[in-house]
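> Here are the chains, one letter per residue:
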Amino acid sequence: MPEQFLFATEVVLNGLMAGVLYALVALGFVLIYKASGIFNYAQGVMALFAALTLVGIMDGQVPFSHLINAIFGTEIHHFGWHVPALLAILLTIGVMVVLAWAVQRFIFRHLVNQEPILLFMATIGLAYFLEGVGDLMWGSDIKKLDVGLPQGINDWIDVTTFEAFGYGFFIDNLDISATIVAIILVGALIAFSQYTKQGRALRAVADDHQAALSVGISLNFIWILVWSIAGFVALVAGIMWGAKSGVQFSLSLIALKALPVLMLGGFTSIPGAIVGGLIIGVGEKLFEFLIGPMVGGATENWFAYVLALIFLVFRPQGLFGEKIIERV
Amino acid sequence: MEAAVTQNQDPAKTLLEVNNIEVIYNHVILVLKGVSLKVAEGGITALLGGNGAGKTTTLKAVSNLLHSERGEVTKGSISYRGDAVAGLDPADMVKRGVIQVMEGRHCFEHLTVEENLMTGAYTRGDGRGAVAADLEKVYTYFPRLKERRTSQAGYTSGGEQQMCAIGRALMSRPETILLDEPSMGLAPQLVEEIFGIVRDLNEKEGVSFLLAEQNTNVALRFAHYGYILESGRVVMDGPAAELRENPDVKEFYLGVSEEGRKSFRDVRSYRRRKRWLS
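So the protein lines, in turn, are chains G and D. Residue numbers for the first sequence follow this note's numbering, so the first one is 1 and each next one is one higher. Residue numbers for the second sequence follow this note's numbering, so the first one is 1001 and each next one is one higher.
No lab work stands behind these hints: they were computed from the structure. Just so you know, even glycine gets a beta-carbon here, dropped at the ideal spot from N, CA and C. Some hints could be false.
[What the hints assert, rightly or not] Quick partial rundown of chain D residues pointing at chain G, CB under 7 angstroms, derived from the structure: (1) Phe1108; (2) Glu1115; (3) Thr1119; (4) Thr1123.
[Claimed, not checked] Restricting the straight-line Cα-Cα distance to at most 27 angstroms, the calculated cross-link-like pairs of lysine-lysine (DSSO-like) are: (5) Lys197(G) - Lys1095(D); (6) Lys1013(D) - Lys1204(D); (7) Lys1146(D) - Lys197(G); (8) Lys143(G) - Lys244(G); (9) Lys1137(D) - Lys197(G); (10) Lys1013(D) - Lys1075(D); (11) Lys1095(D) - Lys1075(D); (12) Lys1038(D) - Lys1250(D); (13) Lys1204(D) - Lys1038(D).
Given only the sequences and the hints, what does the whole structure look like? Please build it.
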């Protein structure tokens, strides 16, 4: 029995680590949804695009090389240099900011005061467009992403737990660093939104667009800011997922895993995204471990969605969904 | 606020001039059909009229908040201190000293009262010290806000929210406040209190007001000059004291006539009677 318990503990720990990544993706959704009421279907593709750009810059790939070669009959693929990870990350952040500006300038500026469903459709269009651009810019082959995060089994945890319980826990170093990065990221985001002028403006916009306009807050600027932050969060998620399983186009599908997280945690709550991510991560791993063998396994694919459905029935606003303040 | 005081030497000077504007929403709905008015520096100008007369639209045309509601000024012009307002965005107007307090308060519900006030200082670049000093000043005008500074604005009372909205506007150091329907949904006692503070701000801080109000009685007691709007047109204007004594205004907006108080059934719109008379 204690052995079974130790196995379960290990499963829970690994579930928590996986949950952190779900939470990171969900966080990007929450940020944009809160500030502009747009459900950004393209969040997953943004993570893919960010990861692709990062790898491309690090490897010194020539953007649009296939297109250039096809038009001019040249044979260029690489600049022939390698950019250090940190610099490449900074450059990628720059690209995400430009993307945020372009999205605002060319799409959402023309859709002011339109129906939410229209805005949602626009983000679907954006998702496919971005996927195509990513493909065209950097090529569609699977790439290896290594920004220097420690990989492999954490020996210290393995040895310590073995000595303590007679059973070594297998925990990936990458998951540990993902957790640390996520904690720092969330801390920074909360500090930004609570204690800075722009953060306050951001929350004001989330509460009431018209009133924010009336005190002279530029919605345009705030939305570019929000999309940039969401782009940055997408980059972090892209780095983590990319380092784990390579940068490939299926990365954009992690957005679908974020949906049940959002239903659980509530679309408007940053803590909700995190707790929701952790619950889904732990829940699906534990369910697979305990119930999986009875039903023939492969429960991880559907567990999250069933859990989300149950939540939709009993608590549609999610665990941390915003209480609607209504005065009569 | 102080800047306005020093320029307050000539009370007759026109700050804001709205010249025969027409406003259309969504390219089809004509709301204003030629509204002209002037706001004197250092004065309280009232814009009166019933529901749908175009008061709010006029204010939004000035503060340039129309655009975000798919409305636009299609004819006429608006100028503030001689400069055309068209083409500026609301933030530019706030920087020029014109800020609107919207109908229905519109506080940021999930922000605390103090955070609400601080958002008013968003466009300012004159340093934390000056902003903090103005915050204290707002608290001296609205001591109730100080008591509730850490409460979420959504949980404060209607009167406190109205104070919060006016205080928030004050934090931008405005020269002119466009105040939309401050009496809405408030008890008569609170309405008096808020109008009293408006008068104080006008006299002590030199802030000019353009005030849209359905409550003609209160508005004409506190304002210096009034315009009466009906169906998107100005049908009458004059100094507040004169409007108060005008028999038509008395009958149709204040609800009193020679025969005493009238029932609502007998009250007809001013314009219709005008047409019938002429």
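> None of the hints should be skipped; say for each whether it holds.
Status of each hint after checking the structure:
1. Phe1108: holds (4 angstroms)
2. Glu1115: holds (6 angstroms)
3. Thr1119: Holds, because the Cβ-Cβ distance from Thr1119(D) to chain G comes to roughly 5 angstroms (cut-off 7 angstroms).
4. Thr1123: holds (4 angstroms)
5. Lys197(G) - Lys1095(D): holds (17 angstroms)
6. Lys1013(D) - Lys1204(D): Distance ~18 angstroms between Lys1013(D) and Lys1204(D) Cα, so the pair holds.
7. Lys1146(D) - Lys197(G): holds (20 angstroms)
8. Lys143(G) - Lys244(G): holds (11 angstroms)
9. Lys1137(D) - Lys197(G): OK: Lys1137(D) and Lys197(G) at ~20 angstroms, within 27 angstroms.
10. Lys1013(D) - Lys1075(D): Holds. Lys1013(D) to Lys1075(D) sits at ~25 angstroms (cutoff 27 angstroms).
11. Lys1095(D) - Lys1075(D): holds (25 angstroms)
12. Lys1038(D) - Lys1250(D): Given that 27 angstroms is the threshold and the Cα spacing comes to 23 angstroms, the pair holds.
13. Lys1204(D) - Lys1038(D): The hint holds at about 22 angstroms.
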